[in-house]
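S.K.: First to last, the protein sequences are chains G, P, Z and X.
Okay, so the first sequence: first residue is 2 according to my numbering, each after it adds one.
Okay, so the second sequence: first residue is 2 according to my numbering, each after it adds one.
Okay, so the third sequence: first residue is 2 according to my numbering, each after it adds one.
Okay, so the fourth sequence: first residue is 2 according to my numbering, each after it adds one.
Please note that a few of the clues may not be correct.
Which copy? The list can't say, so a pair holds if one copy fits it or any two copies do.
Pairs of lysine-lysine residues, derived as DSS-like cross-links and limited to a Cα-Cα distance of at most 27 Å, are as follows [unchecked claim]:
| id | residue 1 | residue 2 |
| --- | --- | --- |
| 1 | K54 | K108 |
| 2 | K58 | K7 |
| 3 | K51 | K108 |
| 4 | K108 | K58 |
| 5 | K84 | K108 |
| 6 | K6 | K108 |
| 7 | K108 | K64 |
| 8 | K7 | K108 |
| 9 | K84 | K54 |
| 10 | K51 | K84 |
| 11 | K7 | K51 |
These aren't lab readings, by the way, just hints derived from the structure by calculation.
There are 4 protein chains.
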Amino acid sequence: MELGKKTWVFADGDLPPQGESEPLGHEALMIVNNCGETAEITLDLLFEDKAPKEGIKIAVPAKRVNCFRMDFIIGEEGYQIPKGQYAVILTSNVPVVAAFGRLDRRKDMAYYPVAGYSI
Amino acid sequence: MELGKKTWVFADGDLPPQGESEPLGHEALMIVNNCGETAEITLDLLFEDKAPKEGIKIAVPAKRVNCFRMDFIIGEEGYQIPKGQYAVILTSNVPVVAAFGRLDRRKDMAYYPVAGYSI
Amino acid sequence: MELGKKTWVFADGDLPPQGESEPLGHEALMIVNNCGETAEITLDLLFEDKAPKEGIKIAVPAKRVNCFRMDFIIGEEGYQIPKGQYAVILTSNVPVVAAFGRLDRRKDMAYYPVAGYSI
Amino acid sequence: MELGKKTWVFADGDLPPQGESEPLGHEALMIVNNCGETAEITLDLLFEDKAPKEGIKIAVPAKRVNCFRMDFIIGEEGYQIPKGQYAVILTSNVPVVAAFGRLDRRKDMAYYPVAGYSI
């Protein structure tokens with residue numbers, strides 16, 4: 002059964018320092034694909050003061066949830082998100098459900114989930 | 002009065018270590034049934050790299066909120082969610098309102114609520 | 002301008018211990034009334050294993066946001082929410098925007114916002 | 002591509018103490034403008050027990066995400082949000098996606114994201 006939306010926006014990305022102990026500080030994008038075919042997904046990133054990075058390609062197999070680390074290189078071309086504020090615009094060929102979260106290790110540990118806007 | 006939706010998706014489950022002090026690290030699914038009859042609910046779980054676990058049966062009585070610990074065995078058959086990334090797809094015979102949260106005790110204490118997608 | 006919805010559900014209330022230092026552990030319900038008249042609001046509470054508490058009366062003046070501490074006595078009759086899992090169903094005579102949050106002081110400090118479901 | 006809504010409400014603002022170490026305690030409003038033109042935005046603030054502060058003017062360039070610190074002076078006139086509970090009502094001439102978060106440094110570190118209501 003198809004579940005979700007083809008477009009998701011996460012307005013508040015900002016990669017934290019990794020810190021020194023596991024689990025390391027990071028941000029991640031979780032994508033649920035409940036369809037019967039692979040979800041072909043494009044990520045566009047917006048920044049505060051420079052042009053967007055468009056067209057990052059990722060995929061999620063049918064009937065799987067995948068977790069994409071935003072602090073690792075991402076997409077077919079291996080893009081590294083720079084430090085500072087960014088936003089994620091996700092577009093998929095099939096409906097998906099996405100979630101975005103940060104784990105910050107500066108002084109202990111704090112989670113920061115970012116609400117998704119979907120259409 | 003019926004309140005809620007019959008389908009909910011939570012995209013970011015990942016059971017944390019329990020830690021050593023109360024309250025122990027865990028994840029939980031809270032379900033509000035404001036209808037006049039029992040909510041008969043099925044949970045399907047999606048994973049990163051293996052086939053889904055489908056058909057976990059739970060129930061919430063009329064006019065109650067129930068909290069299901071995801072780190073305990075769950076459902077009539079007593080299923081244990083494995084370590085690693087998972088997503089929850091909830092379907093109910095009557096409208097319900099659901100919420101999902103994690104409590105992580107690795108280094109102190111951090112809450113992580115996961116947004117629900119509902120239809 | 003009217004903004005919001007007349008019904009809100011928060012699925013995951015569970016009053017934490019107060020702890021010993023300010024700000025004390027608590028839960029709170031924030032309600033925005035952007036209308037030109039007072040919002041007359043009823044709260045119904047659902048529990049895990051006992052009958053609901055219905056008909057708690059509160060009000061929010063026109064063009065104000067009010068914060069209701071859920072660990073204090075609440076409503077005209079002075080109701081005290083018991084320990085344990087509960088859910089809040091809010092109904093208002095005019096549209097409002099509501100938010101619900103927990104501050105837990107067991108071992109340092111952790112916020113837990115609870116997503117609202119609104120119709 | 003236009004993405005988002007022209008009105009957003011955040012029901013739970015309450016500026017935390019700054020604390021003494023970076024990152025300092027604060028609240029922030031993130032706004033994504035994926036349109037081809039500048040988003041001209043007005044913020045109205047509601048309080049618990051005094052009249053609203055209306056008409057704070059901010060702008061977000063085309064194809065950018067901007068982060069507005071709520072603990073700094075804000076808008077063309079340089080308004081300082083007072084201590085205590087407040088709510089934010091955002092109206093934009095073009096659709097935007099907004100998110101609101103708090104970082105509290107009282108005893109370590111805690112994030113508190115505030116759900117947005119949008120129409």
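S.K.: Determine for every hint whether it applies to the structure shown.
M.R.: Evaluated hints:
For the homomeric pair K54 and K108, neither the shortest alpha-carbon distance inside one copy (31 Å) nor that between copies (35 Å) is at most 27 Å. In this assembly of identical chains, the alpha carbons of K58 and K7 lie at most 27 Å apart only when taken from the same copy (14 Å versus 29 Å across copies). Proximity of K51 and K108 under a CA criterion of 27 Å is satisfied in neither setting, with 31 Å inside one chain copy and 36 Å between copies. Neither within a single protomer nor between protomers do K108 and K58 lie at most 27 Å apart by alpha-carbon distance, with minima of 34 Å and 35 Å respectively.
Within a single copy, K84 and K108 get their C-alpha atoms as close as 19 Å, and across copies as close as 25 Å, so both meet the 27 Å cut-off. For a Cα distance limit of 27 Å, the shortest separation of K6 from K108 qualifies neither inside one copy, at 36 Å, nor across copies, at 36 Å. When the C-alpha separation of K108 and K64 is checked against a cutoff of 27 Å, the pair qualifies neither within a copy, at 37 Å, nor between copies, at 34 Å. In this assembly of identical chains, K7 and K108 lie within 27 Å of each other by CA distance neither inside one copy nor across copies; the values are 37 Å within and 37 Å between.
In this assembly of identical chains, the alpha carbons of K84 and K54 lie at most 27 Å apart only when taken from the same copy (14 Å versus 34 Å across copies). When the C-alpha separation of K51 and K84 is checked against a cutoff of 27 Å, the pair qualifies only within one copy, where the shortest distance is 12 Å, while the shortest distance between copies is 34 Å. Taking the shortest alpha-carbon separations for K7 and K51, both the intra-copy value of 26 Å and the inter-copy value of 24 Å come in at or below 27 Å.
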